[in-house]
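Protein sequence lines, in the order shown, are assigned to chains A and B.
Letter 106 of the first sequence, counting from 1, is numbered 106 in full-length UniProt numbering, and no numbers are missing.
Letter 137 of the second sequence, counting from 1, is numbered 137 in full-length UniProt numbering, and no numbers are missing.
FYI, nobody ran anything at the bench for these hints, they're computed from the structure.
Being a predicted model, the structure only gives us computed values, none of them experimental.
Keep in mind that a hint or two might mislead.
[Claimed, not checked] Chain A stretches covered by chain B per the calculated footprint, using a threshold of three residues with CB under 8 Å from any CB of chain B: (1) 12-19; (2) 86-97; (3) 119-133; (4) 171-179; (5) 204-213.
[Said to hold, decoys possible] As a list, the in silico BS3-like pairs of lysine-lysine whose alpha-carbon atoms are at most 30 Å apart: (6) A:Lys192 <-> B:Lys82; (7) B:Lys181 <-> B:Lys192; (8) B:Lys43 <-> B:Lys146; (9) B:Lys181 <-> A:Lys106.
[As the list claims (entries may be wrong)] Label-pair restraints from in silico Cβ distances: (10) A:Ala191 <-> B:Ala16: 42 to 48 Å; (11) B:Pro149 <-> A:Ser188: 58 to 64 Å; (12) A:Ser188 <-> B:Lys43: 22 to 28 Å; (13) B:Ser187 <-> A:Leu198: 17 to 23 Å; (14) A:Lys43 <-> B:Lys43: 32 to 38 Å.
Ideal Cβ placement from N, Cα and C applies to all residues, glycine included.
2 protein chains.
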Amino acid sequence: MALGFRALPLTFLAHALAIAGAVMVLVWVLYYRGGMAWEAANKNLIFNALEHFKRDCRRMPAVFHDSWHFSYKSLPLKKEVKKVVHLVLHAIAIILGCVGIAAAFKNHNESNIANLYSLHSWLGITIISLYGIQWIYGFLVFFYPKGSPTLRSECLPWHVLFGIFVYILAVGNAALGFLEKLTFLESSGIAKYGPEALLVNFTAVVTVLYGAFVILSVLGQAPIEDDDSYSAI
Amino acid sequence: MALGFRALPLTFLAHALAIAGAVMVLVWVLYYRGGMAWEAANKNLIFNALEHFKRDCRRMPAVFHDSWHFSYKSLPLKKEVKKVVHLVLHAIAIILGCVGIAAAFKNHNESNIANLYSLHSWLGITIISLYGIQWIYGFLVFFYPKGSPTLRSECLPWHVLFGIFVYILAVGNAALGFLEKLTFLESSGIAKYGPEALLVNFTAVVTVLYGAFVILSVLGQAPIEDDDSYSAI
Chain A
1 MALGFRALPL
11 TFLAHALAIA
21 GAVMVLVWVL
31 YYRGGMAWEA
41 ANKNLIFNAL
51 EHFKRDCRRM
61 PAVFHDSWHF
71 SYKSLPLKKE
81 VKKVVHLVLH
91 AIAIILGCVG
101 IAAAFKNHNE
111 SNIANLYSLH
121 SWLGITIISL
131 YGIQWIYGFL
141 VFFYPKGSPT
151 LRSECLPWHV
161 LFGIFVYILA
171 VGNAALGFLE
181 KLTFLESSGI
191 AKYGPEALLV
201 NFTAVVTVLY
211 GAFVILSVLG
221 QAPIEDDDSY
231 SAI
Chain B
1 MALGFRALPL
11 TFLAHALAIA
21 GAVMVLVWVL
31 YYRGGMAWEA
41 ANKNLIFNAL
51 EHFKRDCRRM
61 PAVFHDSWHF
71 SYKSLPLKKE
81 VKKVVHLVLH
91 AIAIILGCVG
101 IAAAFKNHNE
111 SNIANLYSLH
121 SWLGITIISL
131 YGIQWIYGFL
141 VFFYPKGSPT
151 LRSECLPWHV
161 LFGIFVYILA
171 VGNAALGFLE
181 KLTFLESSGI
191 AKYGPEALLV
201 NFTAVVTVLY
211 GAFVILSVLG
221 QAPIEDDDSY
231 SAI
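Next comes chain A alone, as it looks inside the complex (with noise of 0.2 Å):
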């Protein structure tokens, strides 16, 4: 059941996606919504601010994935050392994640609109709270205190797996945020076959096409032939 095909080529597809991706929704924050702000009397800007930090916390894993494929097995460092790139890497997430949702909270309380209504305010604290989860989880069995080999080799595929799943969920999560602002949006009047709308729309296709592309890369074969990574840890 092998797939056998090679990684690094879905590597730069995956990265031109992300780019395209980040591009597309500056594009559409700076140019049809305003801008950005942590402070500002139009209450939007706070939300484009966390547009931003959310797209910088998915970009996240491509950053990883990059480092596990050209420094985790191509790059001569010690497994400790790339073990610390790894749990950085997501920490960073974790907390642009956080500041992301600090920022819908701030726009939400500042232009008095409900909070943790809708599907996509529940799923992105759940998601959140089980990357903490997976981090802390991560960071005790393989990193200090270190759990014995048996107990790291058996952790390790449900750590990969539990790590896709969320990272799934997360992909989903950006598609459901898109669709819930646009739909905002298009109730206020803006052109459901506008720019704006297949801007957005668009964005978020690029989003999934981006997700896909980072599993399949992760399910493919690494660049070097020395591929213990996994079992080594």
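Chain A is fixed; fit chain B onto it per the hints.
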């Protein structure tokens, strides 16, 4: 990297979640949304018929999964019979999906609502198309005229992977649909923390959990020792 857990208990959980989700959709449609119809003065009833059909469509993989584990693996059926069960169940799912999409167009056209402007509709058309392509490709390669054993064994992991990919997209798009419809209803005045909103959001949560447990079941080990169904197809 083997996960090494038994799939059987998870399939019960997946089925329980499928039933719970189906009951929740029926309560929503029948109690809160006034029932279902194909021809109706109240065009929303056509939309409700759509919801019902789409739910049936999403339940099909569970039905198939059942057949996989209990007829593919444990019943003394010939391999060709098992394949027929597989392709017939998926054909039913595709037909139900098409009926659902037809109901959406019918509702939109009769209510003068624009078609195909939302992310949910774009993904829906994409998913049913990919699903149809997957079915035709599977039929040609694995059933009739049937490729060589080498071709079949090379195609099989991609067939499984693409099937899982389309399934995850379908579950995600179901969540988008719940969010979109609820956002419309909330814009029209239903309470954001009211019983209907909570019911719809929890239905979406149950749907996502259901999808996760179906995937987890697929990744688990079959209950019967004879686990060569994949390689021997």
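Structure versus earlier hints, numbers of those that do not hold, lowest first: 1, 2, 6, 8
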